[in-house]
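Engineer: Residue numbers (our numbering), protein chains in the order written: chain A, 697 to 1307; chain B, 697 to 1307.
Keep in mind the hints are simulated off the structure, nothing from the lab. Just so you know, not all the hints are guaranteed correct.
Remember, identical chains collapse to one label, so a pair may be satisfied in a single copy or spanning two.
[Unchecked claim] 20 Å max Cα-Cα, derived PhoX-like pairs, lysine-lysine: (1) K789 / K1153; (2) K977 / K894; (3) K1091 / K1057; (4) K894 / K800.
Number of protein chains: 2
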Amino acid sequence: MATIYKTRINILQHKLKERNIDYFIISDADSHHSEYVCDYYKIRSAFCGFTGSNGTLLVGREDAYLWTDGRYFIQAEKELKGSDIILMRMGEKSVPTIREFLAKRYETESEKMSVTIGCDGSCMMKGAMDEIRDAFAKVGKNVQFYYDSNLARDILKETGAQEKYFQFKSSKIRVLPEPLQGKCIDNNIQSIRDALIKVRADVFLSAKLDTNMYLLNIRGEDITYNPVAFSYVLVSDKNVVLFVKEEAMTDELKAYAKQHNIRLENYNCFEKKLTFYTTGKTVVTEFQSLSAKAHEVLTVNNAEVVEGDCGVALLQAIKSKKEIELIKNIYIKDSAAVCKFFYWLSRQTPGTITEYAAACKMDALRKEIPENRGLSFNTISAYGANAAMMHYETKENDCATLENGNVFLLDSGGQYDGGTTDVTRTVVIGEPTEEMKQNFTRVVRGMLALQNAVFMKGCIGMNLDILAREPMWEVYMDYKCGTGHGIGYMLNVHEGPQAIRMRGSGIAGQTEIAPGMIVSDEPGIYLEGKYGIRMENILLCEEACENHDGIFLKFVPLTYVPVDMRLINKEEMEPKEWIRLVCYQQSVYEKVSPLLSDEERRWLKKETDCQ
Amino acid sequence: MATIYKTRINILQHKLKERNIDYFIISDADSHHSEYVCDYYKIRSAFCGFTGSNGTLLVGREDAYLWTDGRYFIQAEKELKGSDIILMRMGEKSVPTIREFLAKRYETESEKMSVTIGCDGSCMMKGAMDEIRDAFAKVGKNVQFYYDSNLARDILKETGAQEKYFQFKSSKIRVLPEPLQGKCIDNNIQSIRDALIKVRADVFLSAKLDTNMYLLNIRGEDITYNPVAFSYVLVSDKNVVLFVKEEAMTDELKAYAKQHNIRLENYNCFEKKLTFYTTGKTVVTEFQSLSAKAHEVLTVNNAEVVEGDCGVALLQAIKSKKEIELIKNIYIKDSAAVCKFFYWLSRQTPGTITEYAAACKMDALRKEIPENRGLSFNTISAYGANAAMMHYETKENDCATLENGNVFLLDSGGQYDGGTTDVTRTVVIGEPTEEMKQNFTRVVRGMLALQNAVFMKGCIGMNLDILAREPMWEVYMDYKCGTGHGIGYMLNVHEGPQAIRMRGSGIAGQTEIAPGMIVSDEPGIYLEGKYGIRMENILLCEEACENHDGIFLKFVPLTYVPVDMRLINKEEMEPKEWIRLVCYQQSVYEKVSPLLSDEERRWLKKETDCQ
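Based on the sequences and whatever the hints tell you, model everything.
Structural biologist: Structural data, given as structure tokens:
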């Protein structure tokens, strides 16, 4: 670990003592609860060196901790090596959440009745703050929050951190052309207004960037991989207000806004204008994505704040017929690009291609598709032991070469005019071991079990998760992440509210899987230090049948990329499972072969031929 | 429908008008939220004729409704025929709950701001009342409750109803002898006291009859099939108080109480004494099983009432090693009795045995077991179409005969010194149709899939339910009930908090399946008017393995009764499923054959031989 991180933490700890703050939270969060954030907000890694996409640093006057999830345990260990920061492995037994940790820390300190937690209040969400408050209340303690948006960033300035932490700009916003507008803006607004009437409220406020884009049929470029612009949307019975940065307002946007009666306001004046639009009103908003500071602005101005989303999460998650048609089409093109990649890979000599070169090839193949607008996330190109790190980041100058005798995992996706894709395949380079085949076969059995599920309307992800996980559980293995996530339409590659998980709290845990929803199906086996296997198809939920027992739903795959048959152990599959695999391989050939060259097509025929 | 029911509802409606009550709830509930209640409380059927075990009657000034669940739809339709009572099929789409119905009913009546709901406050639980209040609050209405414990019963008196509705007596309580005491009373009390310290409360109050028996190692006979006595238990740092009826206090109980420092108080003075023990105290109690009236007594006397159970539900659900040993032993004896029954049935000429005679034979075989103390529920003995009614009640003078060509379903269980049992088998009389075989095979596949599940610690019933249900869902069929329930130790055949269900709210939906828990595994296919198939094994959860991925759990069956192979279609099973069946049949022979006669043993050998 570089000494600069230690220096920064030392300065921070000094400031905590000066200001009588007990713990300070640095969380890489932006003001919109975005999953991916732009560089400006990624200050956590500048304090501890951990570069994973999910991590929260908690700095006390004498101690420091980093929370991250199972995807990053191996990476975090590596990157924190040599520091005094204690790694908190989320989800492992006996590992508390941050709020549990904090509350427990002071539970028995009878002389200390009030604890002060510092954070950037414009990046700490109201919901998260409430949870901390509740945790302290349970142990009979008060908690005070010390909001300071500059404390941490000023330390970076003092210690000469990179320019990116101090620049916060928007790109120009584009308006989706009519053929790509998945839903009608006027209908979107009307459905929010209907919801407002139902809950007897005046104003709906959305801080979620992807939701803001989706509702108004606009897109931005402010966060890498996520076509969103920094924004807020406010809907009342009379007004639709869009807050965006000045530099994002194009003439096209202005004309479009005028046409649809959208008021454009300056993002930098959000708090002041929020007061103007909400004083004395009843405001519906999601506490999970509203900053504590914005919430304070509302309450100070006598707005009554009600938690809710006016149905926008489901509006966004349930794709329209038009969207589904566009998405299906794009997924076949995207699948063809991935097929082309694996054809190319099959022609390379083992030992000659690096993970980075492979990723570049994949990215280049996507770029050749006319509708492509870049990637939906940083391509994960991982060989052997690197593939055991669920969200391994391939670095040009420090990456493995694809040698004989281990597996290669490629998890990638694109942004397109017409959809957002995500797909993972694991293949063997050279000859697999028997153990690799056994494990790969289990992962494929799990993926196909979920893909072929028939289930009743009313099921949530928790009901279905075991289908994908069971082949691993049978042999006492588990993957430490969810099985599936929702995916946006020309938007974020991770989108709620539905999810396929073993456990889930709040809306994510309770959302029914409904026709029109898209979920990923990505079981895996990760053997630290050896190799990792993940297979990921994207599934569309459709109605299968309605009868006197109710409505039955099913999935259809959107992804058509072959399964590497060299890694399949047919003897370990039930006949039903084998048939599922054969049918899937056949459908891959049928869907994708028309988009391939003769050579590629011959290769695909062989790959998908199960005899 | 008999006219007496119409008369009673008319009188009630008249009284509602007199008293300005909008709706009156008659729910067959006792003061302890018992699932089964004694005759004294079963007044609902005297108002509407519906005799199922779950049903709530809602009577308005001009209208009346009956809510019941999927087990009773067919029966309720029959029994309500000719009345104006509208059947509300719980769980079906667009059918509201009672509180939703009531709130919706008044949502748009702008001139009516307050609604008055009448009920017996000592039988309406605090939790249920809160839910009604919340539902009204959501539509901006007030609700007032009119408690009257006599209103409905007085109508029965006026109209000459049976004596049973006016007699409320307890039987004598017995103390479990040491060899049958599953857990140590002192440890039970201590664990409650530890929990009280943890939540900073003074008193734990339990109204749940089975919990009261379990905590103190006593049993009663006040409710048919349930070895419980009407009681309350109150635990504070100094006191353990048991409220029971005077006639229940034997000398044995008094001596036992003295020995363990338990204060005995008169059940009839509960409310008065409750004031004495709780005034100004913080009281932990479950709102689901505490009557609204008892809650009122607490709050009127300045007790602070906190919802909670001090861990007693889990204490009860997770069986001790001693209990498990006793239970395993009893289940084999009980399984042997069921095997003897099916041997006997196999020797009877089709067309000669009625459902009732079959039930009597089964009950008699259980009685022959020395440890037997009666049944754990009324034996369901159902032939053909009757078996499609999930909780069909066999009546001596109105029941079917077991003819050739359809299935016979037997769902039965016993109370024993050493455990409580529950088992269901469906067999064919004569030759089955192909459809019967297909359906039966699906049900068996589902039962064995759950029985053979391996799953991670942390799973709840919702995660596992699909394993049993999937073979039905595959062909767009569903059973309209949960897959599994917990079972008491020498107590109620249905016991929480765990359950295997598709959906679940509150504690039942959130309880992890843990080692030491017992659950039923009872998928089914019910074809109205044709036949019903249900298979039910009872499963014990055990730890399977602990490794770096976590703790893995599995089930072992407690039930060993053969599956009717004449109804199995081997071609419809995957090899893995077939092996599960063969292994189970073999284990049945191994476990049960030593308890059978030579003739029975030869029969069992043939039944369990899968070649």
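Engineer: Look at each hint and say if it fits the structure.
Structural biologist: Structure-based check of all given hints:
1. K789 / K1153: between (33 Å within a copy, 10 Å between copies)
2. K977 / K894: within (15 Å within a copy, 42 Å between copies)
3. K1091 / K1057: within (15 Å within a copy, 76 Å between copies)
4. K894 / K800: Cα proximity of K894 and K800: across copies only (13 Å, versus 41 Å in one copy).
In this structure, every one of the numbered hints holds.
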